[in-house]
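Colleague: Chain order of the listed sequences is A, B, C and D.
End of the first sequence sits at 344 in the numbering used here; the numbers just go up one at a time, nothing left out.
End of the second sequence sits at 344 in the numbering used here; the numbers just go up one at a time, nothing left out.
End of the third sequence sits at 344 in the numbering used here; the numbers just go up one at a time, nothing left out.
End of the fourth sequence sits at 344 in the numbering used here; the numbers just go up one at a time, nothing left out.
Just to be clear, a hint being listed does not mean it is correct.
One copy or two, either will do: identical chains are not told apart, so a pair holds if it fits within one copy or between any two.
[Said to hold, decoys possible] Straight-line distance between alpha carbons at most 30 Å, and here's what the computed DSS-like set of lysine-lysine pairs gives:
#: 1; residue 1: K104; residue 2: K218
#: 2; residue 1: K218; residue 2: K82
#: 3; residue 1: K104; residue 2: K128
#: 4; residue 1: K218; residue 2: K296
#: 5; residue 1: K82; residue 2: K128
#: 6; residue 1: K104; residue 2: K82
#: 7; residue 1: K128; residue 2: K14
#: 8; residue 1: K296; residue 2: K21
#: 9; residue 1: K21; residue 2: K298
Hint data in this document are derived by calculation from the structure and do not stem from the laboratory.
There are 4 protein chains.
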Amino acid sequence: MFFGSDNTSGVHPKLMEALTKANDGYASPYGTDRWTAELTERLRDLFQAPDALVYPMTSGTGTNAAILAAMTPPWGIIYCHKTAHIEVDERNSVPFYSGGAKLKPLPGTASRLAPEELHGEVISDGAKDDIHASPPAAVSLTNLTEFGELYRPADIAAIADAAQLPLHLDGARFANAMAASHASPWEMTREISALSLGATKTGAMAAEAAILFDPSLKNAFESNRMRGGHNLSKARYVSAQILAWLQDDLWLELATQANAMGARLAAGITEIGGELAYEVAGNMVFARLTRAQHAKAKARGAVYNLWGAQPVIGDPDQPMLARFVASWSTTEADVDALLATLTD
Amino acid sequence: MFFGSDNTSGVHPKLMEALTKANDGYASPYGTDRWTAELTERLRDLFQAPDALVYPMTSGTGTNAAILAAMTPPWGIIYCHKTAHIEVDERNSVPFYSGGAKLKPLPGTASRLAPEELHGEVISDGAKDDIHASPPAAVSLTNLTEFGELYRPADIAAIADAAQLPLHLDGARFANAMAASHASPWEMTREISALSLGATKTGAMAAEAAILFDPSLKNAFESNRMRGGHNLSKARYVSAQILAWLQDDLWLELATQANAMGARLAAGITEIGGELAYEVAGNMVFARLTRAQHAKAKARGAVYNLWGAQPVIGDPDQPMLARFVASWSTTEADVDALLATLTD
Amino acid sequence: MFFGSDNTSGVHPKLMEALTKANDGYASPYGTDRWTAELTERLRDLFQAPDALVYPMTSGTGTNAAILAAMTPPWGIIYCHKTAHIEVDERNSVPFYSGGAKLKPLPGTASRLAPEELHGEVISDGAKDDIHASPPAAVSLTNLTEFGELYRPADIAAIADAAQLPLHLDGARFANAMAASHASPWEMTREISALSLGATKTGAMAAEAAILFDPSLKNAFESNRMRGGHNLSKARYVSAQILAWLQDDLWLELATQANAMGARLAAGITEIGGELAYEVAGNMVFARLTRAQHAKAKARGAVYNLWGAQPVIGDPDQPMLARFVASWSTTEADVDALLATLTD
Amino acid sequence: MFFGSDNTSGVHPKLMEALTKANDGYASPYGTDRWTAELTERLRDLFQAPDALVYPMTSGTGTNAAILAAMTPPWGIIYCHKTAHIEVDERNSVPFYSGGAKLKPLPGTASRLAPEELHGEVISDGAKDDIHASPPAAVSLTNLTEFGELYRPADIAAIADAAQLPLHLDGARFANAMAASHASPWEMTREISALSLGATKTGAMAAEAAILFDPSLKNAFESNRMRGGHNLSKARYVSAQILAWLQDDLWLELATQANAMGARLAAGITEIGGELAYEVAGNMVFARLTRAQHAKAKARGAVYNLWGAQPVIGDPDQPMLARFVASWSTTEADVDALLATLTD
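Produce the entire structure from the sequences given, and follow the hints as far as they go.
Modeller: Written out as structure tokens, the structure reads:
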């Protein structure tokens, strides 16, 4: 009953197998190996982006920061939702990598940027056009969002229109977004300058790909990657995992399973009187259950996180928000077992 | 009719005279001169802070940044009002000097921090207590605020209580705040760890003092000051100005004049149908006047700034916000002349 | 015939097996798993350092930078040899992570720091004791060095005595140094505040451990690790590899093999008239061979690097320096095959 | 008898007078005043550089750092002499402002860069052309150098040829260099991309001009100036000083006087048995005198600095290096009085 995060799940057997196969003698280092070359071709095809540059990475935070620092000068502004991982969970990595750029977190709606609000901020900041002020530089989106919501291609287009700025997409759960949207990779990224494509949360070991759809980011990104300590010598092992992950749409299959388990959980929680806090588009469920229910679940070994500040004491009927995350390895039995812990 | 900013005014004759007197042969460099020693003693007495460290500076931005970077690790959070100069007008100087710290701008009320809101943010950020999150480090206040409002000592105490964090005070218009509050320097700063004391806007040439009430900030501040390029060789000329400024309470006299002109202007604007946007505590007046009035004033040579985004076209009765700043050298005749440009 | 670098070799089967075993269901993320706990205990025992803190990492550069930035203020000096990886091969990662600290590269002898020279620099820099100057903060050693030389425990003690500063050890080839020195881990690190323990070059996939012998580095290191993007969610896979690597002294066995192949190669090169440029203590051989020999080897498929600036044209007898690196997977047959390519 | 540094001298009366004249009512802030406009025109004419951008500054360190950070990416190398102020006396300001760029200090000859050595370093660093390495970005020269030596235009041309990189000139004592060389400003700077023109050491209060001969540096320089805290509100007072300084070649007159006093001192020191350590091209004299002579001078009130590490005890005949700096206000009587203190 592990619903703490999808990063607590293991590695899919096909990726383990790919690692074993890639472990075949010597290979040229730092991404000059044949797996990385193949990965580049594979991702260019998938995203219909023949000029895209592809880099195997082991860290989503490192990927985000190295990309965003290539998209802004040290004095620029990067807009994001106030719940964004880069704003909330990366200990100032973007100001660090960029040498001082500002993240401007916006309230939006739930965990999604609101195009009109974004537009207003960018216009207002851009209108200053003054050396005292910080100029708009880029927007960073997360899809699925931090609350498990989905941006569809039309949503992203609306944001692009509103901002008139280069867009970065934090795709820690990009597979879940793709599985939920049924859009093509190209449709989902046609407005995007650079994508942090995360495989770790969907079945890989520690494998991400930085994809630069805008090749002019090359030198700054590669420099940030290097000085950040993210230029892997044995890159083949990351590339080989992602190749296996993409093979026969395994990534979508795994995400579909995780999403289905999210939906099953959401339905079950509603049934037992829980209240869903946000749209459940994929594998993340935010729900309010009573203090008594949480206590019971915890006592019975369920693992998940209460969300936000929690009152220390309170009456058993008090609703408390929790986050449940299903993963590629979550089964129906797991979901049902979790639901059982919440029920008497 | 210069009401664009108090930094457009000149230097008070007594400060010019002090410069001339200080220009007497050789002096030991980098603040080891006798003027700086005397300034330190004078400010320690004034603030009843025998351990305070004092540094002559030429820049408010440099002073703020060098201080704040000594009050936070690169991964910390500094809370400020969303209108704060450090947030809006210093081109990311705090993330720059601190190596990545985050300014967290809060809405507060008008241009003042709201203690309860601040408390909530600090508690919420502090409660994470997780390596992913950024820990609370300090609070920066501005007094007078950017909208010309005043924090009284009790307001600052409430903020200190709410935040339980070290406080920095941006005192670009500290003299105006002191003149408006009738508090003692000690009362106004007893909760403050470090003060950027600005004299430039109140009659000096380019003269500020960094005052570290908390002497443990010494090494980091001095290092930031040095590597930021703010360790002046001929420091005597700044210290001599501030000494003259403090002499016989000249600073309060000049600020009192500026504040009185602010009040006169506010009264006059109200009289001609303008609407004051914020409390006028000192020398800054934010007021809504009609587009027609602004057009007239501008045509007649009045200098001041419309504030915020402005619609390009509109009807003559449309109210438009403007900022007027009086300075130590503003006269009643200046105010009346400005008011005349806004009338019939 | 891959002698380009030990990072071109694969992963040892026992580490692959450990990965498979660790891939067992869910595990708590970010190093709170049982493998990482066990690794901490194992390394504390090995180094006789009960208070040491241990962090699984995927990058040597990231480990070095996150550690060193915890050992210096942004205005400090870190001394290293002019051939050090941090100085030559990490694209300014240390000034980046530290927010501006200076690496001071010293000539030393070949690739080792010379205690007397280091002492002179530290004393001279420390004697300034002036806010204009940068104060000495730490020393970084590499063992094996970049030229494959060895520091024995007595050498490190001499450096510690000379510098009177905290020491960092870049142990990308620490296993090779241990196998060459026959010292105990404790003997080799008793003067060291923090160790970047590299397993990648000696049989792991992308696995390093940061070991803080000085626990006061904790907060700054963990913060740098996080904001640098090196706090792995699925840390178990790194920890499991290193545990397998340490098991039954596999690490020393692998390093011993690599070192033996280095020795065999050095002997063979000498035999065919090549000149060794530096002491061959472990698995790296720097040798001068004729342009004709290099041309032959290259034509026959040998992979290794010429070292330093190379004249574009020249006569066939001209000596040219090359670097050959043996790895844990290098066999006698590999060495002999390489030697054959160099011989007619 | 103040020979500690030229920054201990006062402000020339004509500059004080210019300050008084500039103190005439209101002026537009942040360099949009008429004095700064006039200064720009004046310097463009003087340097025959119609596109040059000019910025009044109060700090040489701030000027150097804001310029150099515009000339390099965070991962670049800036070459300088090992005695350069930016390397030795600015507490890591260049790595700080640039977000991590490396200063590469070179031995050169005495305090001047040696073109051949510089060429070798640039070629060697540039040849790596590898993401691990740091690419060459710029060269920074100081004229007069830190040891008071002179680069003539031909010397600078030789350096430009050797480096094939953009050049920055730290002109803290540019007036002294001009007076010594009898070159035209254009001749002295035709190879230079940006100049830190210092007036402070030659008669100003705290007045420097950043001159960008390469206008493409504009945005990055202005951003660094702003976030560094060097965008002065009351810029007119700096510009007015420099205008007065340039008027009727006052700057050259003052520098000529300082240089003449340097020459007189050098001759006098030689006469009393002192040994000059470096060429005395301008106003700085480095000389070895006996411990007994220094003791006498000090006892008689002479102010100057011993240079480098000093043995604590020693015999009275031991030669000890000292630095003497003459300024615009040094008189023949001052020099003779100093010499008298050194003689019995």
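Colleague: At most 30 Å between C-alpha atoms: does K104 with K128 qualify within a copy, between copies, both, or neither?
Modeller: Both ways: K104 and K128 sit 16 Å apart in one copy and 20 Å across, limit 30 Å.
Colleague: Checking an output row: K104 and K82, CA cutoff 30 Å. Within, between, both or neither?
Modeller: Classified as both; 8 Å inside a copy, 11 Å across copies.
Colleague: State whether the alpha carbon distance between K21 and K298 is at most 30 Å within one copy, between copies, both, or neither.
Modeller: Classified as between: cross-chain Cα gap 28 Å, same-chain 41 Å, threshold 30 Å.
Colleague: When Cα atoms must be at most 30 Å apart, do K218 and K296 count as within-copy, between-copy, both, or neither?
Modeller: Neither. Shortest intra-copy (52 Å) and inter-copy (36 Å) distances fail the 30 Å Cα cut-off.
Colleague: With 30 Å as the alpha-carbon cut-off, assign the pair K296 and K21 to within, between, both or neither.
Modeller: Answer is neither: 45 Å inside a copy and 32 Å across each miss the 30 Å cutoff.
Colleague: Checking an output row: K218 and K82, CA cutoff 30 Å. Within, between, both or neither?
Modeller: Classified as both; 28 Å inside a copy, 29 Å across copies.
Colleague: Pop the pair K82 and K128 into one bin, within, between, both or neither, using alpha-carbon distances up to 30 Å.
Modeller: Both ways: K82 and K128 sit 23 Å apart in one copy and 16 Å across, limit 30 Å.
Colleague: At 30 Å max between alpha carbons, let me know whether K128 reaches K14 within a copy, between copies, both or neither.
Modeller: neither (53 Å within a copy, 37 Å between copies)
Colleague: At most 30 Å between alpha carbons: which applies to K104 and K218, within, between, both or neither?
Modeller: Result: close both inside a copy and across copies, 25 Å intra and 26 Å inter.
When the structure is compared with the earlier hints, violations turn up for hints 4, 7, 8 and for no others.
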